[in-house]
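Novice: Model the full assembly from the supplied sequences, consistent with the hints where possible.
2 protein chains.
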Amino acid sequence: MTISLSGTALAAAIRAGITGTPARLAIVTATTDEATAWYVRSISAAAAKVGISCEVVETKDVAGTLSELGNDIHGIILATPVPGEVPAAEFAMGIPPTKDVDGANPVSLGRLAAGLPAFAPATAEAVVRLLEHHHIEIAGRRAMIVGRSTVVGKPLAHLLLNRHATVTVAHSRTPDLAAVTREADILIAAAGRAGLIGPDHVRPGAVVIDVGTNPTADGGLVGDVDPAVADRAGALSPVPGGVGPVTTALLLSHTVDAARTAAH
Amino acid sequence: MTISLSGTALAAAIRAGITGTPARLAIVTATTDEATAWYVRSISAAAAKVGISCEVVETKDVAGTLSELGNDIHGIILATPVPGEVPAAEFAMGIPPTKDVDGANPVSLGRLAAGLPAFAPATAEAVVRLLEHHHIEIAGRRAMIVGRSTVVGKPLAHLLLNRHATVTVAHSRTPDLAAVTREADILIAAAGRAGLIGPDHVRPGAVVIDVGTNPTADGGLVGDVDPAVADRAGALSPVPGGVGPVTTALLLSHTVDAARTAAH
Numbered sequence: 001m002t003i004s005l006s007g008t009a010l011a012a013a014i015r016a017g018i019t020g021t022p023a024r025l026a027i028v029t030a031t032t033d034e035a036t037a038w039y040v041r042s043i044s045a046a047a048a049k050v051g052i053s054c055e056v057v058e059t060k061d062v063a064g065t066l067s068e069l070g071n072d073i074h075g076i077i078l079a080t081p082v083p084g085e086v087p088a089a090e091f092a093m094g095i096p097p098t099k100d101v102d103g104a105n106p107v108s109l110g111r112l113a114a115g116l117p118a119f120a121p122a123t124a125e126a127v128v129r130l131l132e133h134h135h136i137e138i139a140g141r142r143a144m145i146v147g148r149s150t151v152v153g154k155p156l157a158h159l160l161l162n163r164h165a166t167v168t169v170a171h172s173r174t175p176d177l178a179a180v181t182r183e184a185d186i187l188i189a190a191a192g193r194a195g196l197i198g199p200d201h202v203r204p205g206a207v208v209i210d211v212g213t214n215p216t217a218d219g220g221l222v223g224d225v226d227p228a229v230a231d232r233a234g235a236l237s238p239v240p241g242g243v244g245p246v247t248t249a250l251l252l253s254h255t256v257d258a259a260r261t262a263a264h
Numbered sequence: 001m002t003i004s005l006s007g008t009a010l011a012a013a014i015r016a017g018i019t020g021t022p023a024r025l026a027i028v029t030a031t032t033d034e035a036t037a038w039y040v041r042s043i044s045a046a047a048a049k050v051g052i053s054c055e056v057v058e059t060k061d062v063a064g065t066l067s068e069l070g071n072d073i074h075g076i077i078l079a080t081p082v083p084g085e086v087p088a089a090e091f092a093m094g095i096p097p098t099k100d101v102d103g104a105n106p107v108s109l110g111r112l113a114a115g116l117p118a119f120a121p122a123t124a125e126a127v128v129r130l131l132e133h134h135h136i137e138i139a140g141r142r143a144m145i146v147g148r149s150t151v152v153g154k155p156l157a158h159l160l161l162n163r164h165a166t167v168t169v170a171h172s173r174t175p176d177l178a179a180v181t182r183e184a185d186i187l188i189a190a191a192g193r194a195g196l197i198g199p200d201h202v203r204p205g206a207v208v209i210d211v212g213t214n215p216t217a218d219g220g221l222v223g224d225v226d227p228a229v230a231d232r233a234g235a236l237s238p239v240p241g242g243v244g245p246v247t248t249a250l251l252l253s254h255t256v257d258a259a260r261t262a263a264h
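For the record, the sequence lines run as chains A and B. Numbering follows UniProt numbering, with no gaps: position 153 of the first sequence is 153. Numbering follows UniProt numbering, with no gaps: position 81 of the second sequence is 81.
In short, the hints are calculated from the structure, not lab data. From the three backbone atoms N, C-alpha and C, an ideal C-beta is built for every residue, glycine too. Any given hint could be a false lead.
Claimed, not checked - Incomplete in silico selection of chain B near chain A, CB under 10 Å: (1) Ala88; (2) Pro106; (3) Ala113; (4) Thr166.
As the list claims (entries may be wrong) - Derived CB-CB ranges, DEER-like: (5) Thr36/A to Ala262/B: 36 to 44 Å; (6) Ala16/A to Pro83/B: 54 to 62 Å; (7) Arg182/B to Gly115/A: 28 to 36 Å; (8) Pro204/B to Ala179/A: 12 to 20 Å; (9) Ser67/B to Gly205/A: 52 to 60 Å; (10) Ala16/A to Gly115/B: 23 to 31 Å.
Specialist: As structure tokens, then:
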């Protein structure tokens with residue numbers, strides 16, 4: 001019987017800790033694609049529920065907009081993708097680290113890697129928080145991340161290393177991925193490809209965390225992990241209802257942390 | 001017959017590319033320990049040979065000294081350790097990224113991880129350059145780093161990921177280290193413990209890069225790799241004469257790059 005690593009109770013607990021502090025969040029978006037619009041709406045709705053004011057700023061001039069956000073804004077999220085040639089991380093250099101609630105500024109990632117205080121990218125932190133919430137031991141275990149993105153795979157590697165896991169990052173250029181991922185005690189699928197991780201990729205009894213959020217033709221959401229993995233894994237996080245709600249709750253929690261810090 | 005992955009020819013080639021540009025390097029040091037003093041002298045001597053002016057600034061006020069370095073300084077190295085409670089990486093936030101020739105500022109590490117232009121820590125870059133110089137394929141191979149330091153292990157993980165290796169970072173808290181490291185096609189020893197990697201840790205034919213520079217009682221230098229590994233590895237970098245000279249050459253090369261950029 002596979003344990004379902006739900007994130008809903010943890011998300012509720014995080015949200016319960018953040019009410020009562022006035023805070024303002026800005027989401028800067030330069031893209032009109034539907035997935036991004038959905039993401040922005042879902043953050044806005046979640047913010048409203050805990051009394052965080054959320055301003056969505058649509059712009060074609062990301063750098064200019066970031067530089068003009070007022071002092072009354074406590075947290076800033078840059079929605080991706082950012083159209084054009086300049087990488088999103090380059091624009092994110094314009095987010096002050098104290099307001100970088102999704103850890104998008106490379107300085108936040110570098111500080112995280114160096115063991116200095118910084119906001120971690122919310123999705124990466126959500127994975128670790130979900131493991132801890134379900135009392136899954138990290139220290140000394142083989143953790144395997146499939147996906148090397150700047151927003152999830154790479155920062156997650158640092159978070160897991162800081163917690164004493166032996167960490168492997170695999171990706172689309174890894175030969176015989178299944179043989180590699182079967183070494184994992186804790187397997188994290190963060191490649192953004194529906195069904196990439198099948199039963200063959202999983203050692204029986206391993207813990208599997210599914211970070212994927214791939215839209216389906218009928219308007220639903222599926223992860224990177226094939227549902228058949230449930231018969232093989234010792235524990236598996238659902239999509240939706242696993243990493244996702246924890247990520248959203250952490251974004252809001254970071255925003256309140258930023259507001260509290262700014263008030264001192 | 002094990003191939004010796006010498007760094008001396010590569011170091012000479014790098015140095016040959018950097019003469020003729022006036023450049024000034026500052027080494028800021030707050031420590032009096034002998035290993036650091038040796039390191040500072042060796043950089044100074046190497047700089048002098050290629051016509052780079054090198055100023056050693058001894059200080060008890062690292063942050064103040066870093067903020068007061070003049071515009072005529074092109075490259076800045078902060079010698080470690082920095083005594084006291086504040087991590088060296090926090091002080092390194094005071095090195096302007098354009099002058100951060102040893103990639104010590106967390107923003108440099110973050111930019112590296114995000115795939116943005118930045119100076120890499122010279123030792124980490126030296127490992128990759130040594131592999132490339134000896135025509136060792138990186139893409140698609142299992143690379144294993146033993147050691148998770150901010151100055152070597154972590155940035156090296158990003159450099160190898162960017163070159164499409166499947167990367168594992170192991171460390172002192174990894175159980176059964178030998179079983180883990182035997183998976184490696186390319187094994188990089190960067191733990192700072194003499195003789196840590198023995199023949200049992202190495203798959204026959206694997207490439208082994210020794211980053212260790214451990215002082216011996218008689219004033220010599222040994223790596224992290226037991227010499228007996230030579231009978232088992234397909235290729236092994238010597239200590240001294242492997243990663244070390246390439247690291248020094250890269251520090252000087254970065255300084256000249258910084259001077260050229262500043263001139264434009």
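Novice: Now tell me, hint by hint, if it's right for this structure.
Specialist: Structure-based check of all given hints:
1. Ala88: holds (9 Å)
2. Pro106: Holds, because the Cβ-Cβ distance from Pro106/B to chain A comes to roughly 3 Å (cut-off 10 Å).
3. Ala113: Holds. Min distance 5 Å.
4. Thr166: Status holds, d = 4 Å.
5. Thr36/A to Ala262/B: 36 to 44 Å: With Cβ atoms ~39 Å apart, the hint holds.
6. Ala16/A to Pro83/B: 54 to 62 Å: About 43 Å separates the Cβ atoms of Ala16/A and Pro83/B, which means 54 to 62 Å is violated.
7. Arg182/B to Gly115/A: 28 to 36 Å: holds (29 Å)
8. Pro204/B to Ala179/A: 12 to 20 Å: Since Pro204/B and Ala179/A have Cβ atoms about 19 Å apart, the given range 12 to 20 Å holds.
9. Ser67/B to Gly205/A: 52 to 60 Å: holds (54 Å)
10. Ala16/A to Gly115/B: 23 to 31 Å: Violated: the Cβ-Cβ distance is about 38 Å, outside 23 to 31 Å.
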